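J.: Letter by letter, the chains look like this.
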Amino acid sequence: MPKPPRTYERLTRPATSVGTYKTLWLAADHLVIVNSTGYSEEYQRLQFSNIRGFFTVSSDRRMLWAIPWGIMALFSAVFLGNALYSGHRPVVSGSFLAVSAILLLWNHLLGPGCIVYVVTAVQTARLPSLVRRRKARKVLARLQPIIAGVQAGLVPAQEAVPSDIPQNEPAGPPTA
Amino acid sequence: MTIGAKLPCPSCGRLLDSSAWIDDESGWCQHCDVDFDFMGFPALNAQPARVVPKAVLVAEHATCFHHPENQAEAVCEACGRFLCAVCAINFAGRLLCPECIRTATKSDIDSVGSRVLYDGIALSLAVLPLLVWPVTLVTAPVALGSVFIGWRKPRSLVKGGRVRLVAAGLIAVAEIVGWVFLFAFLWLRKRR
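Line by line, the protein sequences give chains Y and D.
For the first sequence, the working numbering gives the first residue as 1, with consecutive numbering after it.
For the second sequence, the working numbering gives the first residue as 177, with consecutive numbering after it.
No wet-lab data here; the hints were simulated from the structure.
All figures in this text were calculated on a predicted structure; none of them were measured in a lab.
Heads up, some of the hints might be wrong.
[To be verified] SDA-like, lysine to any residue: derived pairs with alpha carbons at most 20 Å apart:
(1) K329/D to V339/D
(2) K138/Y to E42/Y
(3) K335/D to S40/Y
(4) K335/D to A28/Y
(5) K335/D to E42/Y
(6) K135/Y to D211/D
(7) K329/D to T37/Y
(8) K335/D to L26/Y
(9) K335/D to Y21/Y
(10) K335/D to T37/Y
(11) K182/D to L154/Y
(12) K135/Y to L26/Y
(13) K335/D to L154/Y
(14) K335/D to H30/Y
[Stated by the list, open to error] According to the in silico footprint, chain D covers these stretches of chain Y (three or more CB under 8 Å from chain D):
(15) 7-14
(16) 39-48
(17) 92-101
A virtual CB, placed ideally from N, CA and C, is assigned to each residue, including glycine.
Model the full structure from these sequences, guided by the hints.
T.: As structure tokens, this is what we get:
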């Protein structure tokens, strides 16, 4: 018997935070943000028809990760130099230097950091697993035609509301 | 796309006025000094759908289950109750009443809010105690119990499959068999 088609397709790998990891999944008509602890999962769905747009803001994530790996590489290099100078085989410091150099390079290759927000009529929610520009660009480029296709039938407002006029804000007190 | 609606700054939450936009795809918030890129969709400028229920005009009109003063315009696909335009909600491709949506969110695959991952619990109970191996005397049966409980429970919404449950079960069984052999060995040695 053929396997049923998968309902969800993973868009991003887990982005860890304190005690949890978050992933983004694509379904036929919505996105799902999965917040998992390993023992339970919480789901936040975003229907394509409700998505008004995506904001992308730069973040210091690449620099913040470069600091610990850089410090580790620096200390390892000092210990490695010291070991070489005193005629020992620098196995431990060499291993640490190699690992930290790989992590530093990997962090650099992942590209600059970013924060992506999805805007709906009622909320601006963060997409927690999109944290690098390159990946975010790739995912948004994939979502763009899907969402535009779903919203193709939407009727635009008769006249676009000028951006200067605040919407959904209570009227102020009458002026004399 | 013209940015018709007024959007909040993603960083500080204040509404962005027209001067914040460099073009339709990027801008800068004067309040928090943050540059942003934006990808807009037709929903941004779409006319919001307005739901206007019809009032009952003649006695023969079927009425909404929740609002007797409104005409029934739809039938709930789950419970069959008559609904007015206000109560008939298009939810995950079905027309449902608010009560059925409340029920659906607990079980339906398109609306469930959270799930317990029995495979994760069972695997942790089977593997982590190996670090302090005498503890497995207690945790291995518990892990096996979790496998049995979790076998018929709904699994992760996005990652189906029972691979982790099977792995947890095999490890737990191996631990139990190990303990049985150990006790049998000790018992036989004592008899001699």
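J.: What hints, given by number in increasing order, does this structure fail?
T.: Violated: hints 2, 13, 17.
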